[in-house]
Amino acid sequence: MRTKLAQIGRRLLQALPSVIGIIVISFLLTRALPGDPAVYFAGAMADKESIEQVRKALGLDRSWVEQFFIYAGNLAKGDMGMSHNTGRPVAEELLTRLPASLELTLTGLGLAILIAVPLGMLAATRPGSWIDHLCRLLVTAGVSLPTFFTGLFLIYIFYYLLGWAPSPLGRLDILYMPPPHATGFYAIDSLLAGDMETFAATLRQLVLPAVTLCLFALAPIARMTRGAMLGALASDYVRTARANGLTRSKILFTYAFRNAALPVLTTLGMVFSFLLGANVLVEKVFSWPGIGSFAIEALVASDYAAVQGFVLSMALLFVAVNLIIDLVLTLIDPRVGLED
Amino acid sequence: MKRFLRHLRYVMSENPVTLAAFSLFLLIVIMALLGPAIAPYDPLATDAAKTLKPPGWQHPFGTDHLGRDVFSRVIVATRLDLGIALSAVFLSFFAGSALGCSAGFWGGWTDRIVGRISDTIMAFPLFVLAMGIVAALGNSVENIIYATALINLPFYARVSRAETYVRRNAGYVNAARLCGATDARILVTQLFPNILPPMMVQISLNMGWAILNAAGLSFIGLGVRPPDAEWGIMVAEGATYIVSGEWWLAMFPGAALMAAVFCFNLLGDGLRDLVDPQRRT
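As they're listed, the protein sequences go chains A and S.
So that you can map any letter, position 54 of the first sequence is 53 in numbering that gives the first Met the number 0, and since no number is skipped, the others follow by simple counting.
So that you can map any letter, position 197 of the second sequence is 196 in numbering that gives the first Met the number 0, and since no number is skipped, the others follow by simple counting.
Since the hints were derived computationally from the structure, they do not count as laboratory data.
There may be inaccurate statements among the hints.
Result set (SDA-like, lysine to any residue): computed pairs, CA atoms no more than 20 Å apart in a straight line [stated by the list, open to error]:
hint, chain 1, residue 1, chain 2, residue 2
1, S, 52, A, 155
2, A, 3, A, 18
3, A, 76, A, 90
4, S, 52, A, 160
5, A, 47, A, 61
6, S, 49, S, 166
7, S, 49, S, 31
8, A, 249, A, 121
9, S, 52, A, 159
Work the whole structure out from these sequences, hints included.
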């Protein structure tokens, strides 16, 4: 147990350079603005004096090093600046919209795992069968699909042609009131409030965008599962287990899958990173009121503080997810960390 | 060379999918080179009398909300899409292999700094980072290229570092060193040509991804400005008409985009078979 705790501590320390790197890059991005940031932040009507004032207020008259520490200090206080577009603090805007995006991303990722892992396992246990070919086709086609195109395609089929899906506008049909705020996840909130009708309406809105994200995430997870399972099934310990006459399911799940799950878990971090990008596109297609839509609006309005706040928080979220995955790996795999 | 051609023919006949991908690749290249010449209509010419016409004999892909021919626009857009992706991939190929080769060859501090740079880039969700870069540098096609190049840099740096690292004490490197060649000369004339094959595979696998990225950026309104024809922006323009049933505006450019990405991914797999028979998929 002691060694596990030490490993976890060491892993937490290893995340520090990434966080510092992320803050440095996002600082550089805010300073790379074309033109004079002070003129920009002072607004179109500003005269010379007020521009100077803004320059002082933003600390732009000091050295870069000083400016960096001011920036980092503000971040530590949770201050990402004001959004020009909405007139509210960027951090607040992002926080209120984060649940919408997370609900979508996590549902998509969950669906993808539920489909891709069994598919990859089946393909690996029956190489050369039709399911193996299906898996390969899905993997190659999946990485070629532009997410925004898949989303529009699904809308055309399921909304326009079949009429099964509700209109692709936001998280809830306008006929329904959002459930009372508890977690910000509409599906969970409506369940907590015991409002089954709103829950069903939430799910109906959620299905198409979540399936779009799922199709995107499916390919890398299925590929990794298939590869890892093939490797595990060809290993000595599976041969030994077979020779000892263990049942097929015991070999498959206890021995092969538990070993194959480790690389799959590692891949999930990368998949999550791609999903955060794809999420922006899907949110635009489905008018989903999450942080992706917020970032697009900010981009169009040249609201730099909001865009950089978005980039920074997505990167920090990604670091956090990788950290969690590594911690889970440390906890479930006795071999991790034994080498050093 | 003759052996290579025979091997190429063998790989092609062995795997009809690679052959199909190769033919599609040729078609894309022809469309990119001759685009405006083979398009039946002017991609920018509007016609108020013929707006939102469904696909038919006169307009195989229909017309858009301004009466422009979608077929011509899809063809003409190939050059811009491919141009953005190619420039971005070559930028990151050269910058990435320069960084990766020196890291793998000299090791030590160079290696640590290059590793740290690519780790920091990889710490961002890459599409999100590209959005941030374009927002900071300004909204233009060149900046889309720089952003796409930067987010692809770590992949090239890593592959070239690994490939250089295993070869840095190879016989021919030591021989060149004995002949008095400088480090830079060994890197450029001995090591770089030898790591080219695996890098080529990386390029073709990366092209599809670069096209997707650039199209995604223009889909959200960055880089390419209307009325220019580009697949991403055409899908974005057609998106509003999907809910009223005018599917051809978005579906054809989207399908062209998908076909191009699919083609490069398959070519990458085929190239890998050609270059490295041991790692067949």
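Verification of the supplied hints:
no. : hint          : verdict
1   : S:52 / A:155  : 18 Å, holds
2   : A:3 / A:18    : 23 Å, violated
3   : A:76 / A:90   : 10 Å, holds
4   : S:52 / A:160  : 19 Å, holds
5   : A:47 / A:61   : 18 Å, holds
6   : S:49 / S:166  : 62 Å, violated
7   : S:49 / S:31   : 27 Å, violated
8   : A:249 / A:121 : 15 Å, holds
9   : S:52 / A:159  : 18 Å, holds
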